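*Asks:* Spelled out, the chains give:
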Amino acid sequence: MKKILSGMLAAVLVLGMVFAFAGCGDKKEDTLICGVTIFKPMNFKDDAGNWTGFDTEFAQKVAEKLGMKAEFQIIEWDNKYLELEAGTINCIWNGFTGWDGVTGESATDGDKKRSDSVDFSYGYMLNQQCVVIKADRADEFTSVEDLDGMTVAAEKGSAGEEAATEVIGDDGKIIDSAAQIDTFLEVLAGDVDCAIVDILLAQELIGKGNYADLTIAADIQMGSEVYAIGFKKGSDLTARVNTAMKDLYDSGVLKTLAEKYGIEHCLVLDTTFKG
Amino acid sequence: MGFWNVTLRLLEGFQNTCLIFALTLVLALPLGLAVAFGSMSRLAPLRYLTKTFVWIIRGVPLMLQIFIIYFVPRIVFQISFIPRFSSVIVAFTINYACYFSEIYRGGIENISRSQFEAGQVLGMTKSQIFFRVILLQVVKRILAPMSNEIITLVKDTALARVIVVAEIIKVAYEFAATDALIWPLFYTGVFYLAFVGILTLLFGYFEKKLDYFRA
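Top line first, the protein sequences correspond to chains A and B. Start counting the first sequence at 1; every next residue gets the next number (our numbering). Start counting the second sequence at 1001; every next residue gets the next number (our numbering).
No lab work stands behind these hints: they were computed from the structure. Check the hints yourself; a few may be wrong.
Residues from chain A that keep clear of chain B, each with C-beta distances beyond 10 Å, as calculated [claimed, not checked]: (1) Ala63; (2) Ile74; (3) Glu85; (4) Ser115; (5) Gln128; (6) Ile216; (7) Ala218; (8) Thr243; (9) Lys260.
Listed next, the in silico PhoX-like pairs over lysine-lysine satisfying Cα-Cα at most 20 Å (straight line) [to be verified]: (10) A:Lys69 <-> A:Lys208; (11) A:Lys45 <-> B:Lys1126; (12) A:Lys113 <-> A:Lys208; (13) A:Lys69 <-> A:Lys45; (14) A:Lys255 <-> A:Lys113; (15) B:Lys1051 <-> A:Lys156.
Keep in mind the model is a prediction, meaning the values are calculated, not measured. Quick reminder that beta carbons are idealized off the backbone N, C-alpha and C, glycines included.
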């Protein structure tokens, strides 16, 4: 019996080893692995299943300039710093809010940085938080003050959650969702009054498909913020990517790209922020 | 995105679901038996070691175990040779082996001692007694609790998404983010139902096959 048992154990171990090494990808210095979530219009897959989107093409162009190849690794947004720390990705490049404020102002305002866990690149896009509501309740939402005391859904750890904290007052409540798209479900379910998410995402999805009954509260303006790429602290990639980004911006390549995805009005180059 | 296209994409995710299920089962069933022998061993240190191990594995959420196996070697030891999918398989295998081991143990300890003694009188070796006399009776007795655990495994595969293994629910979520479609998420339930339905029929069939073996 011992023989059979040890045979079984050996088989299990061998099988285990095979699986452990089977998928073992060789990590090369010349790959730029970008941590992404599916976030239209920044990173998403076309009907054929290929990666596309503004950030996708942007990363590919930057990588090309650096003599590297861009790869995209889907992550859970909650785990982005863990993944960066673990070295499974080289950067977080997915409409990542680097800091609050608008171009130029941000330079003097270091405390507006959204995360101390990463080094940020130059800012490349302006984003705003917006309020997503059920279309039939649109008349209840005319100004930021209306949100006072409401129950609001926002992605955990997102800029939307931070914005929500500022506007709902003491009686308000935040429902932390795992992803921005989950907040739409919460609004549809009716248990929350509204969701606060990135306007770039909302404009892509709200009013379409199963989100047809939702709308963006047009009269509520929230503070703006800047998207940047997050790198591991002390990484030499930050400076190299910044140089490539400036080249692409100055030569108009980024403008053409932004026009392709209909977001050229948000494109910026914010080199002032020191993070 | 029509119904047909969604179904096709979900089927791709369901392949991963099935693969996690099948690999875990193939690896955890024998490993569970080994663990069961460990926890019934006459060697006290081995017995306590195994029991402590089973306590830890059954006492910590499977989701956390997946996290630990994937992230801890990378962050603490800077070792990264176990890819995402394998990490899931390792975590599931260890976890389910521990649950299976207790079911095995219950089954084996329930066989009356006299059968071991009778075997010894007939001059059979220990392994002969176990594999020729005991095992099939154990299999019959543990079939119901095993089927319970195996059906749970089908649905636990959904946990693989915490380290971004594209099982069916993860794929369904992509539709909500890309095509503004929520219904694929609920539609995945049909796949699980069908899978568990087939398993239930299969277990019913095995039970009938083992029916002659009335204890």
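*Asks:* Look at each hint and say if it fits the structure.
*Replies:* Here is how each hint holds up against the structure:
Every CB of chain B is more than 10 Å from the CB of alanine 63 (chain A) (nearest about 21 Å), matching its label as outside the interface. Isoleucine 74 (chain A), annotated as away from the interface, has a beta carbon of chain B within 10 Å; the closest lies near 5 Å. A Cβ of chain B approaches the Cβ of glutamate 85 (chain A) within 10 Å, the least distance being about 5 Å, so the stated non-interface status is violated. For serine 115 (chain A), the requirement that its beta carbon stay farther than 10 Å from each beta carbon of chain B is met, with the minimum near 18 Å.
The Cβ of glutamine 128 (chain A) sits about 20 Å from the closest Cβ of chain B, beyond the 10 Å cut-off, so the non-interface label holds. Every C-beta of chain B lies more than 10 Å from that of isoleucine 216 (chain A), the closest at about 14 Å, which supports listing it as non-interface. At roughly 19 Å from the closest C-beta of chain B, the C-beta of alanine 218 (chain A) stays outside 10 Å, upholding its exclusion from the interface. No beta-carbon of chain B is positioned within 10 Å of the beta-carbon of threonine 243 (chain A); the least distance is around 29 Å.
The claim that lysine 260 (chain A) is not at the interface with chain B holds, since no C-beta of that chain comes within 10 Å of its own (minimum 17 Å). With a C-alpha separation of about 34 Å, the suggested pairing of lysine 69 (chain A) with lysine 208 (chain A) is violated against the 20 Å cut-off. Only pairs whose Cα atoms come within 20 Å are accepted, and lysine 45 (chain A) paired with lysine 1126 (chain B) is rejected, the gap being roughly 59 Å. Distance check on the hinted pair: lysine 113 (chain A) and lysine 208 (chain A) sit about 33 Å apart at the alpha-carbon level, beyond 20 Å; violated.
A threshold of 20 Å between alpha carbons decides the hint, and for lysine 69 (chain A) with lysine 45 (chain A) the separation of about 18 Å falls inside it, so the pair holds. For the hint pairing lysine 255 (chain A) with lysine 113 (chain A), the CA-to-CA distance comes to about 26 Å; that exceeds 20 Å, so the pair is violated. Between lysine 1051 (chain B) and lysine 156 (chain A) the alpha-carbon distance is near 38 Å, which puts this suggested pair outside the 20 Å criterion.
Of the numbered hints given earlier, the model fails hints 2, 3, 10, 11, 12, 14 and 15; all others are met.
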